[in-house]
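Novice: If you want the building blocks of each chain, they are given just below.
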Amino acid sequence: MSVTPELPIIPKLKANAILNLLARGQRIDKRRLDEYREITIKTGYVPNAEGSAYVKLGNTQVLAGVKLEVGQPYADAPNEGVLIVNAEFIPAASPSFEPGPPDENAIELARIIDRSLREPRVIETNKLAIIPGKKVWIIWLDIYVLDHDGNLIDACMLASMTALMSTRIPAIDVNKETGEVTIKREETQGLLPISRLVTTVSVYKIGNYLVVDPNQEEEALSSARLSITVTEEGLIAGLQKAGLDHLTETEIEKAIELALNNAPKLITAIREAAKDIRAKEGINSEGG
Amino acid sequence: MSVTPELPIIPKLKANAILNLLARGQRIDKRRLDEYREITIKTGYVPNAEGSAYVKLGNTQVLAGVKLEVGQPYADAPNEGVLIVNAEFIPAASPSFEPGPPDENAIELARIIDRSLREPRVIETNKLAIIPGKKVWIIWLDIYVLDHDGNLIDACMLASMTALMSTRIPAIDVNKETGEVTIKREETQGLLPISRLVTTVSVYKIGNYLVVDPNQEEEALSSARLSITVTEEGLIAGLQKAGLDHLTETEIEKAIELALNNAPKLITAIREAAKDIRAKEGINSEGG
Amino acid sequence: MSVTPELPIIPKLKANAILNLLARGQRIDKRRLDEYREITIKTGYVPNAEGSAYVKLGNTQVLAGVKLEVGQPYADAPNEGVLIVNAEFIPAASPSFEPGPPDENAIELARIIDRSLREPRVIETNKLAIIPGKKVWIIWLDIYVLDHDGNLIDACMLASMTALMSTRIPAIDVNKETGEVTIKREETQGLLPISRLVTTVSVYKIGNYLVVDPNQEEEALSSARLSITVTEEGLIAGLQKAGLDHLTETEIEKAIELALNNAPKLITAIREAAKDIRAKEGINSEGG
Amino acid sequence: MGVAAEKEKPKLIDEKGLRVDGRRPDELRPIDMEVGVLKNADGSALVKYGNTWVLAAVYGPREAVPKHMTLPDRAVLRCRYRMLSFSTHERKSPAPSRREIELSKVIREALEPAVLTELYPRTTIDIFIEVLNAHGGTRTAGVTAAALALADAGIPMRDLVAGVAVGKVDGIIVLDINENEDMYGEADMPVAAMPGLGRITLLQLNGVLTPEEFRVALKLALQGIKRIYDMQKEVLRHKYAVVEE
Amino acid sequence: MGVAAEKEKPKLIDEKGLRVDGRRPDELRPIDMEVGVLKNADGSALVKYGNTWVLAAVYGPREAVPKHMTLPDRAVLRCRYRMLSFSTHERKSPAPSRREIELSKVIREALEPAVLTELYPRTTIDIFIEVLNAHGGTRTAGVTAAALALADAGIPMRDLVAGVAVGKVDGIIVLDINENEDMYGEADMPVAAMPGLGRITLLQLNGVLTPEEFRVALKLALQGIKRIYDMQKEVLRHKYAVVEE
Amino acid sequence: MGVAAEKEKPKLIDEKGLRVDGRRPDELRPIDMEVGVLKNADGSALVKYGNTWVLAAVYGPREAVPKHMTLPDRAVLRCRYRMLSFSTHERKSPAPSRREIELSKVIREALEPAVLTELYPRTTIDIFIEVLNAHGGTRTAGVTAAALALADAGIPMRDLVAGVAVGKVDGIIVLDINENEDMYGEADMPVAAMPGLGRITLLQLNGVLTPEEFRVALKLALQGIKRIYDMQKEVLRHKYAVVEE
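Chains as they are written, first to last, in this note's numbering: chain A, 3 to 290; chain B, 3 to 290; chain C, 3 to 290; chain D, 26 to 270; chain E, 26 to 270; chain F, 26 to 270.
Calculated from the structure, these hints are not laboratory results. Here a beta-carbon is modelled for each residue, glycine too, at the ideal position from N, C-alpha and C. Incorrect hints may appear among the rest.
To be verified - Restricting the straight-line Cα-Cα distance to at most 20 Å, the calculated cross-link-like pairs of lysine to any residue (SDA-like) are:
(1) 178(B) <-> 97(C)
(2) 137(B) <-> 180(C)
(3) 136(A) <-> 30(B)
(4) 136(A) <-> 176(B)
(5) 34(E) <-> 81(A)
(6) 256(A) <-> 222(E)
(7) 251(E) <-> 250(A)
(8) 34(D) <-> 181(B)
(9) 244(E) <-> 255(A)
(10) 34(F) <-> 187(A)
(11) 34(D) <-> 180(C)
(12) 64(D) <-> 97(C)
(13) 186(C) <-> 76(B)
(14) 64(E) <-> 137(B)
(15) 44(B) <-> 76(E)
What the hints assert, rightly or not - Residues from chain A that keep clear of chain F, each with C-beta distances beyond 10 Å, as calculated:
(16) 26
(17) 48
(18) 68
(19) 94
(20) 144
(21) 148
(22) 149
(23) 176
(24) 179
(25) 181
(26) 266
Claimed, not checked - Partial chain C-side listing against chain D, Cβ under 8 Å, derived:
(27) 37
(28) 50
(29) 61
(30) 69
(31) 72
(32) 73
(33) 88
(34) 149
(35) 187
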């Protein structure tokens, strides 16, 4: 059951301050309405992961990691690797997060990121068969929200895309007779093949204003959200409206514009963060 | 844990009216004590199911569907198909049904229907091996209660038996080398082999009276229930007593009599409903 | 989430009586502080189990049973049998036990016993391969607490060790072509190979006193527990501190001494209990 | 019954008319009953029908923790039937099976008509039934054990409840069927009743019978139940006598 | 979309510009709606878009059992979307899938802007959506059915909500895509709106579109939604008229 | 220990008496500690023992939502230890393992003796421990991090708690064992203590030791704990000093 959430309470004075500033085109932290907070991306953060990225977006902190396992392909795509995306909002990250299995918000976030990677074929899964029809790489992308100060989807998308860009495929031994595959994680056979970069830009409606990258207080005041997936070529590769309120056609048009304008900066940030790892492996980080 | 249920509350006046009528051999909807409500059965209701039936029994509405999958046989019956029965009381069907996994009532109902089909070997599972010892048909019979106005077991049994009677087995391709089986659901290779028809007659004790096919209010006043499975030959193929109260030996004798008298009408209703589908496939609907 | 437990309430007078006696080196049931209650062990208690033991320790009653199944070895130990230990505190055993899956106390107990058997290699799992690398014996050791009057870990360890000592391996048929293994439980091919006996001695801190084998009231007054696994050779093969309070280095030293002193009696009790079964199979019960 | 009947079905009745374990058709297995076997439970009993061993424990009437699960006019019975994992030939997973969920309900409804729940409104009576070893007839042995445990807990009842399964094997109606007869026979019919009052509280049938066979089977079950009921009373009388001394 | 597109993709638009089921790009499937189909529910509706059949039931406003799940200033909407196990080609496990959990949220948020929840503080409105047969567009048919069920339950709304999915198949933007178009097409975009107020309450896109294609697709969706909305009003008007007589 | 020891066990102590990572037997791995790393949590710390990285967060004392889970005379500690799915060589399933459930208890009981819970009756103190990367000693690094997070949250304690695992590898007792030593060594003994008070709050042993080896190992552990404890105090002093300025 999906249930109307109880909204977090923002003190009246604070709420008014935020709204009054928005009316003048300003934010409480001096940003413009269409401006992201400072972005820090660290690649290769987790030694045991095949790929990982830590992202700090303002005070929001998230960690994405990639593990590769050998498994069976889907029956309808016997020669393709398999991507599985999970997200967890750990209870350390906010007093409002409960321990337990992922709730609908974490599941929605994971599925938005999953589709944003899958639909524009970001990972070249057709290069990830080991024994065609029998054994392929399973790509486990796990995302953890460590500290929640708003705009989780964009932070998690940045971390996910960067973690995938920095993922090394371990060496393997294939037993020709039995078909058993042994992973040798201490060696690597190259980077995960990536065809193109994508990012999301989530646009939030607060009162009658549209902003990007809200902090937690702004997010608590917002009534609707539109997350827009944009590819490095400027195509729209995913949309997801959320929130208790509606959007008008005009608002949607404006949100798309905000997304197309902001995406290049975010994609550059990902590319920069993954540059060293991809250079080291002799692969240029300009995508495919 | 099985827990004493809270009984639904029937207004005192209504309860007295029902009991006073029963004393005179009458029901609030003018039926005799041994009389079923109007039965509507629609076969082939769900296009994506291999077999399905919608049943309306008075205001009780249920839907049964059959999906066939290819799977492994049980170790102790390597050449037989496998029947798996599930029932769900969806929360739409009654204000007293909760969302979530099936409760003890739904599980009991599914198991009564399962045994009623299994013990008298209604489905000729010995004709359902694909590769003996390795691959057989798995028959998933799923039953949903859509609207609850009493006597769910009989309504669900009618829907289940009719859904099975109208089930088409899809065509398959068997890869001789690998033993892999591909289902081609757009084609059919004939009907599910049925050896005999069965039905249940559930007899309810209200005060000192025995009635069949109660509506929800009558059911709420009943203190015990005996569900009797009857085959088309008039054999007893299953019994299940339920409820907070007991039955005497005399009451049981009388309930069996009610069951043997009512079963032929119900079996005829199933046969009629499945007639067209079975005729179309060139199989006579008179059972085996 | 592990949560601070609510402690059972012991009437003030009773608590004082227990503490006053301890100060004089005595227990409410006249035992010394380092003395176990009467131990009754019955082997072969459950006909359908391959091995089983019932243990009564004072008024604490537990039952351990062993079932053998054929399964796959772990990838990193392809020629070894697999031990799986589960414990359940059934709700019949105490008003404070709830129905449901094992809680943290039952899981901790099972894992203490698992490690106590695994680390000193009590079971010669290297003799339990059936088809090396493919099929090995899976040893399911299941422990049930039937009646809780304190010191569950030691009672369960006694039952577990004795159940294993009395476990018969069923005969099998191996199909040379398919590699399928059929278990013939009515015949036996010998006893489970045991290399050495172990036991636990759990030392409880009540006030400033250390006691062994408390009953439920004493246990409720204790603030910390140290369970010490001892082998028949007098080696320490496991430790687990539990409880809300600490232990000093001196207390730990003293607890170890209590364990080394008590272990031989417990090991003798196990050996005695399993003597007949092991003699019947022509294997001497002196361990390996 | 069912599938297994197809292959290697053993002969269940020999030329002398005796069953696989040497019993006559109307003979019970050796039955053993003990009450008060647990210290913590308010009432308890261990009942053995041959190699079918069942432990029952009762707690209550006691206060229920989530208040809204009680009833204003009587006690709530809560009943859990389950099999220990090593009680069966193949290990049973400890997760509750659909069969265990159904039988918990069937057993609760076999006991409900006997307990004077109206004496203890807003309380709960918990009944835990653990099958230690399974060899046919666990649910009916469970009812017999639970009734003893309720009596041992001092909970007022209209009458004791006792149960036994009858069956049809090789065409013969037999009393107290064991596991082999259950597996290879044609029908299995568990019955429980309050014999002093002539009230049947549990009745199930798995398998196929003619109406006439059913009547014969029910009579045979009620005769067996009467004998088990006499043993229950004897065990309780004995315990009571011991206490009196 | 995606993986399946690689292999054996059928032609989705023929030489006459018609779709696999013979429709023009801007043509809806045959749509059928019925309200009040369940007796127990406070409101209900059965909606069919071609072979996509969805049943919606509404209970409420009613008292919530765990009190702390209500809100002091308005009703809580609770929404569950799920597919019956035989509604799909391969049997669907009855355990709730991640997709069903997400769509329950997406559908709730498509309905929230329409319901005047502030009129019923401290109560719950339950919306159950069951997919009887799935052939593309189940979530949008679900929104259409749920809005009808809410109206049938007499719950005040700002406007009805209707939904439809548009898509891009063989390069063409088409209305109300069916399962084959969803599977082999380039993009699938479900939209729901309150047409009378010009408010969009559900918008998702799976697949890749240029910004211009997106604009065209959104316009087409809103046109289709308007037509479905007119049918909703007609069905309610008819029921109301019947009641009036 | 155990099974893996059978095959391809590497040499764990070289001819110079040094360990696989070049450390002397009584040498800790490089240790790094940081407090206040999270904005939302009331207290937090990130602790690294070599490649073992653990994040701890504390919320509380705060009101518990289900009231009946509090205690009238003191705060309830709630503790969850878990490993992120990519923190290990093979991906760890996110479902809580039995090991994680046990270690949550063991860690809670390592902290309980230190916290002055009696000052905050009827409240809850939540401790969340997340292993970011696992390379041996995660539970003891978790205790060290949790104690820092409790201090960072301003919760009064009798003393800090610090932990470290000692072990026996190739017959030698060594301090702060890493993953390889844990896997191929003969024994692994995690210990935690309040060094200022001489109180041991966590003690486990997996593996086999003589009583004399045990004594040596315990002494070595307490020495290592003392050094880690000094680092904890330094980190807190530094943060406090910065705040003072």
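Novice: So which of those numbered hints doesn't the model satisfy?
Specialist: Numbers 1, 3, 8, 11, 14, 17, 18, 19, 20, 21, 22, 27, 31, 32 - these are the hints that the structure violates, sorted from lowest upward.
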